[in-house]
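Trainee: Spelled out from the first residue to the last, the chains are:
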Amino acid sequence: MNRLTELYRLMRRIRAFEDAAEIASQGGVAAWGLAAAAKPALVRGPLHLSTGQEAVAAGVCLNLVREDLLTSTHRGHGHTLAKGADPTKMMCELFGRASGYNKGKGGSMHIADFSVGMLGANGVVAAGIPIATGAAHALKIRKQPHIVACFFGDGAANRGPFLEGLNWAQVFKLPILFVCEDNRISATTPTGPMTAGEGVSARAQALAIPSIKVDGNDVEAVDAASKQLTAEIRAGGGPRFLHAVTYRFKGHVSVDPGTYRDPVEVAAALKLDPLIVARGKLLKQGISATAIDAIDTEAKDEIERALAVAEAAPWPDVASAYEDILDTGAGVWQ
Amino acid sequence: MNRLTELYRLMRRIRAFEDAAEIASQGGVAAWGLAAAAKPALVRGPLHLSTGQEAVAAGVCLNLVREDLLTSTHRGHGHTLAKGADPTKMMCELFGRASGYNKGKGGSMHIADFSVGMLGANGVVAAGIPIATGAAHALKIRKQPHIVACFFGDGAANRGPFLEGLNWAQVFKLPILFVCEDNRISATTPTGPMTAGEGVSARAQALAIPSIKVDGNDVEAVDAASKQLTAEIRAGGGPRFLHAVTYRFKGHVSVDPGTYRDPVEVAAALKLDPLIVARGKLLKQGISATAIDAIDTEAKDEIERALAVAEAAPWPDVASAYEDILDTGAGVWQ
Amino acid sequence: MSTMSYAQAACLALQEVMRADANVVALGEDLGRGGVFGQYRGLPQEFGPERIIDTPISEANIMGAAVGMALAGLRPVVEMRVIDFALCAMDEIINQAAKNRYMFGGQGRVPLVARMPIGIWSASAAQHSQSLEAWFAHMPGLVVVTPATPQDNYGLLKSSLASGDPVIYMEHKELWGVEGEVTAGVEVPLGKANVLCEGSDLTIVTWSRGVGVALEALSTKAFKGIRPEIIDLRTLWPWDRDAVFKSVAKTGRLLVVHEAVQVAGFGAEVAASAAEATGCKVRRLGSPRIPVGYAQVLENEARLSPAKIVAAAEALLKQ
Amino acid sequence: MSTMSYAQAACLALQEVMRADANVVALGEDLGRGGVFGQYRGLPQEFGPERIIDTPISEANIMGAAVGMALAGLRPVVEMRVIDFALCAMDEIINQAAKNRYMFGGQGRVPLVARMPIGIWSASAAQHSQSLEAWFAHMPGLVVVTPATPQDNYGLLKSSLASGDPVIYMEHKELWGVEGEVTAGVEVPLGKANVLCEGSDLTIVTWSRGVGVALEALSTKAFKGIRPEIIDLRTLWPWDRDAVFKSVAKTGRLLVVHEAVQVAGFGAEVAASAAEATGCKVRRLGSPRIPVGYAQVLENEARLSPAKIVAAAEALLKQ
Ligand SMILES: Cc1ncc(C[n+]2csc(CCOP(=O)(O)OP(=O)(O)O)c2C)c(N)n1
Ligand SMILES: Cc1ncc(C[n+]2csc(CCOP(=O)(O)OP(=O)(O)O)c2C)c(N)n1
Ligand SMILES: [Mg+2]
Ligand SMILES: [Mg+2]
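Chains as they are written, first to last, in numbering that gives the first Met the number 0: chain A, 0 to 333; chain B, 0 to 333; chain C, 0 to 318; chain D, 0 to 318.
Treat the hints with care, since some could be wrong.
Unchecked claim - Distance condition first, Cα-Cα at most 27 Å in a straight line; then the derived DSS-like pairs of lysine-lysine:
id : chain 1 : residue 1 : chain 2 : residue 2
1  : A       : 172       : A       : 226
2  : D       : 249       : C       : 317
3  : A       : 270       : A       : 139
4  : A       : 212       : A       : 226
5  : C       : 157       : C       : 223
6  : A       : 212       : A       : 299
7  : C       : 245       : D       : 317
8  : C       : 249       : C       : 220
9  : C       : 307       : C       : 249
10 : D       : 223       : D       : 157
11 : A       : 142       : D       : 157
12 : C       : 249       : D       : 317
13 : C       : 317       : D       : 307
14 : B       : 299       : B       : 270
15 : B       : 172       : B       : 226
16 : B       : 139       : C       : 157
17 : D       : 223       : D       : 245
18 : A       : 172       : A       : 139
19 : D       : 157       : A       : 139
20 : D       : 249       : D       : 220
21 : D       : 307       : D       : 317
22 : B       : 142       : C       : 157
23 : C       : 191       : C       : 245
24 : C       : 191       : C       : 157
Source of the hints: derived by calculation from the structure; they are not laboratory data. Quick caveat: nothing in here was measured; it's all calculated off a predicted structure.
Go ahead and model the full structure; you've got the sequences and the hints to work with.
Mentor: Written out as structure tokens, the structure is:
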């Protein structure tokens, strides 16, 4: 399979996952002026979809190996899947089942698969940055030949840990790739007017961290930049920064209709769907429409199966509420 | 009195204050491997001296008016005096007396004179930055024609609030002058190796905040840069940044012998004492040595008087320990 | 008097105060669209972006700036979205806001209201479900307010905005949509509890979301033969010791109920104080010392319920 | 067995563990010069800058990085210098370190020891004198340790370093120079209190700096006719309920003593638990709800003293 096909397949799997999760969440969270549905949704908690941003996850993560580590954001399904997690166990987690990655304890906002180096989504904006920095520091101290990929949003670049983490990574010359997934919005607030100066790349450069800015909807561009940057990091060059500009197709959470956005802007962005872009390129490369459609169907089928398994999966035991917490003093009293 | 004479006089007053406070603090804090003295020192608490850094306080603050506001650091005596505070009330505070600015509640680390717009030293590195930003925001909202000067050290530029505050100030185009008093050390740790990139100016510029770097031991240079920057701010230009490179003559606190520093470096730095530099310039301008000596004597005398008043000043009442705290519920129970 | 939600009651209070005092401003993320819970709805339209301020995502600076604003003459309302994010601004809340007045010997005042919604809500799991009122009650310099009803959210917010000292104002996320009668102009004083029903067998002291759960137990007759006196504390600092001690003098038994973790929760303060002052029998009901889990069955372990309250009351009567 | 200071005892414990396990590292500001209180003295020379790590001033990243280090196989010791600065790292401690294991369903562990010295010391005033142990005791996922003697600082630090979960390790700044006998190799288990003297009239439970003050009252015969049983709790989570309840079963009276603010302090938890479990009489002695002032006379209001303890004991006996 050629590189672009592989990238496309991964993006399609993420899209299929996000679409299915979105439907399963309707009527879940009661917010954004909406009441919760009478019948509880299959996905109850807040669901931050990465629909439209798949090229960033795919283009970066195909340049990682299993032993590399990754920290993510509240919008973490794509990164998790791209790092090699099993969509069935992910869907089980979103459904709050015992067979989910976190045994139903975390849900979407804490999706993780430590076994493939995916150290977790995070409910706190920018909180993954110090954690990723420390993980990279550990790799260096322990002389392990791997790297860390640290994803965060454009909104995160205005929080203190962004400065603290990037400074630290450069001071200790750590093997870490910072990836700003810039969808130009922070919840309901356009990020531009909240961000001084030339933005994230300029901030990285002020810390002497080399940075590349790419069209984050062009998966080949993301892939190429990631290839270069990860190679430099693996060669001992210290931290690197990737600024990928993309767009969030959905509301902030799945039940947010996103009415605060200009419909013209949204319509224009939808035309630049990374899947449409990649499909066009595949066709140009001579891959047949049938072959591409087959990838799409395969991805959807995979997620259909995941949904079915998740819906049938068992709930956590009550007893498990008291597990995975302190050993010290456990069993003595809660 | 010409400008340089005025600047010199202010620096000399600060130096006299610091020297006197230093002596009064010997045997105070039991740290840095030293035991506390048998007889309690007149200044009991940690004392961070700005000896050697007087040119920054003086050069900036002579460009401020009384209604302008200022936030400071743990090393705040110079800023306080330069903003117009009374050294006697300052010394009383250092001595923990009821007649001190804070009624003996704060000591050196919280020296403040709100009546001249000096909103306080701070025991937390970088904590003054958000406060200064908010004060500037208030001035803008309340359409007051004044500005804020926000002092912090080189070490503070690695903490998150540095990014958050500077970004905020630029986003809201606030009337604030950020002053990095760069003495190249953070407690016992040289700041350079802990700081990525080109340093603080580069960080300010990445946020599109215009910055000037000056020799912080040349009070005329500090004054000239401050004059320009404050004028730009007053004209509505938004935030400005001053990077003043200087040197800390003393240990981190007054009882710290500073043995972790290279004696050669210290000796070289002492030759660049801002008072020596300014004195040389005054002599070149034709001011007589006698006239300069008179300024020195006057400054020392002023501080001698402050010491005498402070030593005789009354201690706070026990009752005052329960004052200046919540009104709500006060008097009901503690 | 009119019917409105807990969120709308807060909007009304803030609107009235902002109309009366040009120095009152609100700042936080996403406020320009009325706040993610609608707790500022309508205000951006009326007061514009200079007074309902959209900020960068930077909780530390939001809180720190509010301290500076307060020192320079404004009366800021700070929105932290959920209390969990206020953890990003702890130095600013504790070392800067709470201590300012004292540490500077009364030179300045910090009249700000920091809103930081608490509680379990909509499967939001460990990082969006905390109730940390005990932390702030422990901290000199802070007023701590926990409204339970629309009327109280209106009345307590108005009183908080009139406080000259920093107020930690904790709305409960599960209460945003709860409707009730609100009489404009009725302020609820800080430090006064609300005795919701009289009883003789035990005193139940609670606040915030606990109030509705206790009243649900009452209205569904879950208490069977037991007649509890139920008190909504409303503010945790200052808290109404007189009302509580008066009640336990009558009932001889105190049950403190809260959603926060029981260990070192504010229930411990109320129970210990009552035991010290009156020698009454005490018991607490709070969450086990576990993070809030995502799945319903896990989340429920950390949640109050009428059944849990009744069981605790029965246990206390046997104690 | 040899005589050493509380600070030296910690150095010894850390040295032993670092020799045995290459994955143990320490990180924080100024560690390369042995730490500002000498609590890392000698270690930079032996283990070098890769394992005794000098960091930029960035508490949030120090603590967050330690979480990442722990997840990636290290066992970091985090130095916060004083607990007041740990307020700059609260999200990292609470939302990231404490909840990690639970929230990710046990996929990872965060075996870190966060040292954050507490207490009043050397006229350091409101921002350098706090004791916030109650906050951490309230937080699921954290172990909370408060050593009172050189031997315990050695033994508890070793046990903490062996914990697979995050430990908030609170040394008291006024104890750094205190000397005592330390027997290397003697670990002090987490969760076991130390009964320091047997008595029959009341049980005094305390920890950290409170231990020395209580013992001073005893040795100076300030208690006069009163015979207290004095217990050093040593760890606040888990805390040794059995030891405390056994003692109050005998004495019928409990006085909890701590330097932290009394309101919502951990004394409330101990007192409320004992009242619930045993019905004994309880009383607390803690700091008034004011920030720590600078002048000696103000600072003393927030300080424990033998006289205050004796007065509280007398009041409890009359209660
Ligand atoms: C510290 C913190 N503040 C606020 C929030 C609430 N919040 C969740 S996502 C979000 C917007 C984040 O924007 P960005 O980083 O650009 O990520 P995106 O949602 O666009 O992927 C906000 C404000 C949070 N989770 N954490
Ligand atoms: C948040 C925080 N971390 C650590 C400290 C301890 N500390 C006090 S001053 C200082 C060094 C500060 O360096 P810099 O900002 O350059 O100021 P300088 O002392 O050189 O004037 C440190 C680490 C503190 N006060 N606050
Ligand atoms: Mg974004
Ligand atoms: Mg410095």
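Trainee: Run every hint past the structure and note whether it holds.
Mentor: Verification of the supplied hints:
no. : hint           : result
1   : A:172 to A:226 : holds, 19 Å
2   : D:249 to C:317 : holds, 22 Å
3   : A:270 to A:139 : violated, 43 Å
4   : A:212 to A:226 : holds, 14 Å
5   : C:157 to C:223 : violated, 38 Å
6   : A:212 to A:299 : violated, 32 Å
7   : C:245 to D:317 : holds, 21 Å
8   : C:249 to C:220 : holds, 22 Å
9   : C:307 to C:249 : holds, 24 Å
10  : D:223 to D:157 : violated, 38 Å
11  : A:142 to D:157 : holds, 26 Å
12  : C:249 to D:317 : holds, 22 Å
13  : C:317 to D:307 : violated, 36 Å
14  : B:299 to B:270 : holds, 22 Å
15  : B:172 to B:226 : holds, 19 Å
16  : B:139 to C:157 : holds, 26 Å
17  : D:223 to D:245 : holds, 24 Å
18  : A:172 to A:139 : holds, 9 Å
19  : D:157 to A:139 : holds, 26 Å
20  : D:249 to D:220 : holds, 22 Å
21  : D:307 to D:317 : holds, 15 Å
22  : B:142 to C:157 : holds, 26 Å
23  : C:191 to C:245 : holds, 13 Å
24  : C:191 to C:157 : holds, 14 Å
In this structure, the earlier hints numbered 3, 5, 6, 10 and 13 are contradicted, and the remaining ones agree with it.
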